Structure formats: C-alpha cells, structure tokens
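Protein sequence lines correspond, in order, to chains D and G.
The opening residue of the first sequence carries number 2 in the numbering used here; numbering runs sequentially from there.
The opening residue of the second sequence carries number 486 in the numbering used here; numbering runs sequentially from there.
Honestly, the hints are just simulated from the structure, not real lab data.
There could be a bad hint or two in this list.
Claimed, not checked - Listed next, the in silico SDA-like pairs over lysine to any residue satisfying Cα-Cα at most 25 Å (straight line):
no. : chain 1 : residue 1 : chain 2 : residue 2
1   : G       : K492      : G       : V544
2   : G       : K577      : D       : G67
3   : G       : K525      : G       : L501
4   : G       : K692      : D       : I171
5   : G       : K585      : D       : F83
6   : D       : K34       : G       : Q510
7   : G       : K555      : G       : D573
8   : G       : K555      : D       : T92
9   : D       : K170      : D       : L180
10  : D       : K33       : G       : R549
11  : D       : K34       : D       : L183
12  : G       : K555      : D       : L180
13  : G       : K694      : D       : L180
14  : G       : K692      : G       : P613
15  : G       : K525      : G       : G648
16  : G       : K577      : D       : K170
17  : G       : K555      : D       : S110
18  : G       : K692      : D       : S110
19  : G       : K585      : D       : A30
20  : G       : K492      : G       : F636
21  : D       : K170      : G       : I680
22  : G       : K491      : G       : P613
23  : G       : K491      : G       : K525
24  : D       : K170      : D       : G196
25  : G       : K692      : D       : V176
26  : G       : K577      : G       : W614
27  : D       : K33       : G       : K492
28  : G       : K491      : G       : L501
29  : G       : K585      : D       : F134
30  : D       : K10       : D       : F134
31  : G       : K577      : D       : F83
32  : G       : K585      : D       : R138
33  : D       : K33       : G       : V540
34  : G       : K555      : D       : V31
35  : G       : K491      : G       : W614
36  : G       : K577      : D       : L69
Said to hold, decoys possible - Calculated Cβ distances over 12 Å to all of chain G for the following chain D residues:
no. : residue
37  : F13
38  : G24
39  : S36
40  : A68
In this text the structure is predicted, and so the values were computed from the model without any measurement.
Using N, Cα and C, we set each Cβ at its ideal position, and we do this for glycine too.
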Amino acid sequence: MEYIELFFKSIFIDNMVFATFLGMCSYLAVSKKVSTAVGLGAAVIFVLTVTVPLNWLLDQYILQEGALSWLGDEYASYDLSFLSFIMFIATIATMVQLVEIVVEKFSPSLYNSLGIFLPLIAVNCAILGGSLFMQSREIPTLGLSAIYGFGSGIGWFLAILAIAAIREKIRYSSVPAPLRGLGITFIITGLMAIGFMSFGGMLTGGDEGDKKEEKTAKVEKVVNQEKTLVANSKKEK
Amino acid sequence: MGLLSKKDASLLSDPLADNNPITIQVLGICSALAITAELKASIVMSISVLFVLGVGNVVISLMRNIIPSKIRIIVQLVVVAALVIIVDLVLKAFAYELSKTLSVFVGLIITNCIIMGRFEAFALGNGPWRSFLDGIGNAAGYGVILIIVGFFRELLGSGTLLGFKVLGDPIEKTGLYAIGYENNGFMLLSPMALIVVGLIIWVQRSKNKALIED
C-alpha cells in the first residue's frame, strides 16, 4: 500500500514539472514534436529509476551522519553530507555515460531513437532533483526510493507528452504575435499546473498536517540545541 | 565606461534585455520559478547564481586548453558542484532559515542550464576576463527576471516586500485594506510563477518586434 501511495503521489501530486518545476529547460526545448518528446521522456524514466536508488545507497552508507559506522566504530562520527551534491552529480554523469555505452552496444535501434537525448539528461534538473528530494524527504527503504524514481520519471514523461501534443495543435490557432512560441507555452504550463494541483486532495489529506507538525518540531529541536550550545559557549567565556 | 571596451560592455548589457537567458535563450528556468514566492529568496538565489557563474566561468576559461573535450561535461559539473557546495555552506552558516526555504533548489544550481550553457558556449572559447564579464552579465539577466517575478508575487500575494507590509495591515484593516483590498493568495502558488514569466515575455516581445517567433 505504501508503495502504491508513493507511486501515485510522485506521478500526480509531486509532479516534477508542475509542482516543483524541475527539468523545465529540456521540457520547453524538446517539446516541439510528440515523437522527440516521447524519446526524451523514456530516457528520463530510465535514468531516474536507476540513479535514485543508487544515490539512496550512497546517501545511506557513505554520506549521512554516522553512515560510515559499518567500517568500524572510529568512523561512526563522520558526517559527509556536505559532499552529497558532488557525489550525486558524479553518479548521475557516470551512469548516463554507462547507459549510453551499454545501449549503443546491445541495441543500436534503441540507441538511435534514444541516444541523442542521453547526454542532455546529465544536466537535466529533474534527475538531480529526484535524488535531492529523495534525500531531503528521507525515503526509508531502497524499494521505495526505486518506486519514487520510477514514478517521478513517469510524471515527467506525462507532462512533456501533454505539452508536446498541445504545442502541435496550438500552431493552428491565432495566438497574439508576441506570445507565440515561448510565451504561450509558459502560460499553458501554468494552467496545466493549476489543473494538476487538484490532485492534491487525491490521497488522505490528514497526513500532510501531521508531517508538517513533525517537521516544525524537528526544526525547533535543532534551534533549541543551537541555543543551548551558544549559551554553553558563552558560559565558558 | 573607460575601463571596458565597447565589445566588453556589450557582454555585460546584452543578456539584461535582448539576449536574456530566461526569456530569450530559455535557460535556467528549472530552479528559477519555485523560489520566487518572496522577494528575499529571489534576491539570494540571484546572488548565488551570480557568484557561481562568475567564478565558474573564470575557472573553466583558465582550464580551457587542458580539458580533454571528451570528458569536459564531467569536469564542468565538478567545478560547478564545488562552487555550489561553498554557496550552500555559506547560506547554512549565515542564513539558516532562508536556506531551509530554498531547500534543494540551491543544489539544483548545479544543473542550472544557464551555467552549463555559458561554460559550453563562452568560457571554453574565450579568455578569463571576457568570460567573467559574460558570466556576470548572464547571471544579472537571470537575476533581473527572478527579482521582477518575486516582486510581483510577494506584493500581490502577501502584500509585503522583503517582509515589510507596504500595503498596510490586512488584519487591522489599514492602508489599502481599509478600502476593501484583498491579497490574492493565488499568486503564492507555484503555477503563477509560470504565468508571470509568460506575461513578462509578452511585454518584452511586444516592445521588441524582432524577437517574435513565427
């Protein structure tokens, strides 16, 4: 049940494009034709499904505070989380290269349809964003992180497919000249995002409130800790 | 300006209007829109990008002759990631609350297409000084749009600017609220950022007909 909930949540409620505006660059640049949009969307689903669990493992066993304790007790106090940006982006860049090589070797036809988009993906914000949200939302298990990556990918795919279809049709309507092209695409995306907001009530609304309270409680705890630290250091002086 | 030749000055001024990274080149929208609900966050975001792009452009331009072209993307990503980590740590140290609001979007400066785009298109082929000017110019062009969007969203959405209640107090009904003005809460929701940018593009292109697409 948890899996299904996270899956639908990442597709509709936390949709990459409409809720967090991730991957907007390629979303706007590659959505002129449906066929290319499908190619890029498929590549994004694939890369997200692979990189989010990989980065989850990295985060869990290397980067988090105390994550190195499996090496021995003396490593238990290490906190490498400040390195997470560089580790995540390196994982993504190497994964993308690897995927490109493997696909080229074993399936030239897939490579021809997908290949040109793969280098673009390394710098697609949706991919890094997926990993960063995975980290900041503290997704608990490997399976859930894979589902999260897959669901987010599908959400992105749906979004780019929809806008590409709309852009193919809108060419025949009389849009005011200065709005043609980019301007109208922005406004349509805004309207679609408003539409997607209505999915917000799809899952049990009660959870959200509790989670927020937990979060603020956490922040308060941290702030209090800092205050006591400051107070202690002042006393010492 | 005596310090800059005419060509160098155009590197700074072009991206502000006619070659704006957001409204014309369509780059860097990813991390831009979600954080513009208040002016302060937009300003901090613009300054961060200004730092990363200015310094990053110089670094890449200094290294441009020794980077093998096959692995240049990874080299670029590492340079940006290192700079972004600096920004992130500075924000966490001096503006903790704000870094919570920006959350993952500071990290997403790494994949901001403006930065990679400028590295590829400019820093790899030009000297450090010109690359620096280009970086500053483009980051400023990005910042201008962010600040305009942030200004309107905060003013119309919560009636404040940088946290100051410029339109009066909505609870005590002073200022504009006394004559029945209401905040438009819709402006605070993220879809409105897209629509505001769309409107900016409309205004800009109706002033400069050369930019109109077919």
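So, going through the hints one by one against the coordinates:
About 22 Å separates the Cα atoms of K492/G and V544/G, which keeps this hinted pair within 25 Å; it holds. For the suggested pair K577/G and G67/D, the alpha carbons sit about 20 Å apart, so the restraint of at most 25 Å is met. Of the supplied pair hints, the one linking K525/G and L501/G holds, its CA atoms being roughly 20 Å apart against a limit of 25 Å. Proposed proximity of K692/G and I171/D is supported: the alpha carbons are some 23 Å apart, at most 25 Å.
Under the criterion of a C-alpha separation no larger than 25 Å, the hint pairing K585/G with F83/D is consistent with the structure, at around 15 Å. Of the supplied pair hints, the one linking K34/D and Q510/G holds, its CA atoms being roughly 19 Å apart against a limit of 25 Å. Our distance criterion of 25 Å between C-alpha atoms is broken by K555/G and D573/G, whose separation comes to about 29 Å. Restraint check for K555/G and T92/D: satisfied, since their Cα atoms lie roughly 17 Å apart, inside the 25 Å limit.
Restraint check for K170/D and L180/D: satisfied, since their Cα atoms lie roughly 16 Å apart, inside the 25 Å limit. At most 25 Å may separate the alpha-carbon atoms for a hinted pair to count; K33/D and R549/G exceed this at roughly 34 Å. With a CA separation close to 14 Å, the supplied pair K34/D and L183/D stays within the 25 Å bound. As the CA atoms of K555/G and L180/D are separated by approximately 39 Å, the hinted pair breaks the 25 Å bound.
For the suggested pair K694/G and L180/D, the alpha carbons sit about 11 Å apart, so the restraint of at most 25 Å is met. For the proposed pair K692/G and P613/G, the alpha carbon gap of about 34 Å is over 25 Å, so the pair is violated. At roughly 8 Å between alpha-carbon atoms, K525/G and G648/G fall within 25 Å of each other, so this suggested pair holds. For a cut-off of 25 Å, the pair hint linking K577/G to K170/D is broken: about 46 Å separates their Cα positions.
Of the pairs offered as hints, the one joining K555/G and S110/D holds, with about 24 Å between alpha carbons and a cut-off of 25 Å not exceeded. A distance of roughly 47 Å separates the Cα atoms of K692/G and S110/D; the hinted pair therefore is violated under the 25 Å criterion. Pair hint K585/G plus A30/D does not hold up; C-alpha atoms about 30 Å apart against a cutoff of 25 Å. A hinted pair counts as satisfied when its Cα atoms are at most 25 Å apart, and K492/G with F636/G does not qualify at roughly 32 Å.
With a CA separation close to 20 Å, the supplied pair K170/D and I680/G stays within the 25 Å bound. Distance check on the hinted pair: K491/G and P613/G sit about 17 Å apart at the alpha-carbon level, within 25 Å; holds. For the hint pairing K491/G with K525/G, the CA-to-CA distance comes to about 33 Å; that exceeds 25 Å, so the pair is violated. For the hint pairing K170/D with G196/D, the CA-to-CA distance comes to about 19 Å; that is within 25 Å, so the pair holds.
Between K692/G and V176/D the CA atoms are separated by roughly 17 Å; this keeps the pair inside 25 Å, and the hint holds. As the CA atoms of K577/G and W614/G are separated by approximately 31 Å, the hinted pair breaks the 25 Å bound. Restraint check: the Cα-Cα separation between K33/D and K492/G comes to about 35 Å, which exceeds 25 Å; the hinted pair is violated. Under the criterion of a C-alpha separation no larger than 25 Å, the hint pairing K491/G with L501/G is consistent with the structure, at around 16 Å.
For the given pair, K585/G sits about 13 Å from F134/D by alpha-carbon distance, which is consistent with the 25 Å threshold. Simply put, K10/D and F134/D have alpha-carbon atoms about 13 Å apart, close enough for the 25 Å limit, and the pair holds. The straight-line distance between the Cα atoms of K577/G and F83/D is roughly 11 Å, inside the 25 Å bound, and the hint therefore holds. Of the pairs offered as hints, the one joining K585/G and R138/D holds, with about 13 Å between alpha carbons and a cut-off of 25 Å not exceeded.
Straight-line distance between C-alpha atoms of K33/D and V540/G comes to about 34 Å, which puts the hinted pair past the 25 Å bound. This hinted pair checks out: K555/G and V31/D have alpha carbons roughly 24 Å apart, not beyond 25 Å. A C-alpha spacing of about 14 Å is found between K491/G and W614/G, which places the hinted pair at or below 25 Å, so the restraint holds. Taken as a hint, the K577/G and L69/D pair is honoured in the structure, with Cα atoms around 23 Å apart against an allowance of 25 Å.
For F13/D, the non-interface assignment is confirmed: its Cβ lies about 15 Å from the closest Cβ of chain G, beyond the 12 Å cut-off. Consistency note on G24/D: stated as away from chain G, yet its beta-carbon is not over 12 Å from all of that chain's, at 6 Å minimum. The non-interface label for S36/D is consistent with chain G: the shortest C-beta to C-beta separation is roughly 21 Å, beyond 12 Å. At roughly 18 Å from the closest C-beta of chain G, the C-beta of A68/D stays outside 12 Å, upholding its exclusion from the interface.
Violated hints, in rising order: 7, 10, 12, 14, 16, 18, 19, 20, 23, 26, 27, 33 and 38; the structure is consistent with all others.
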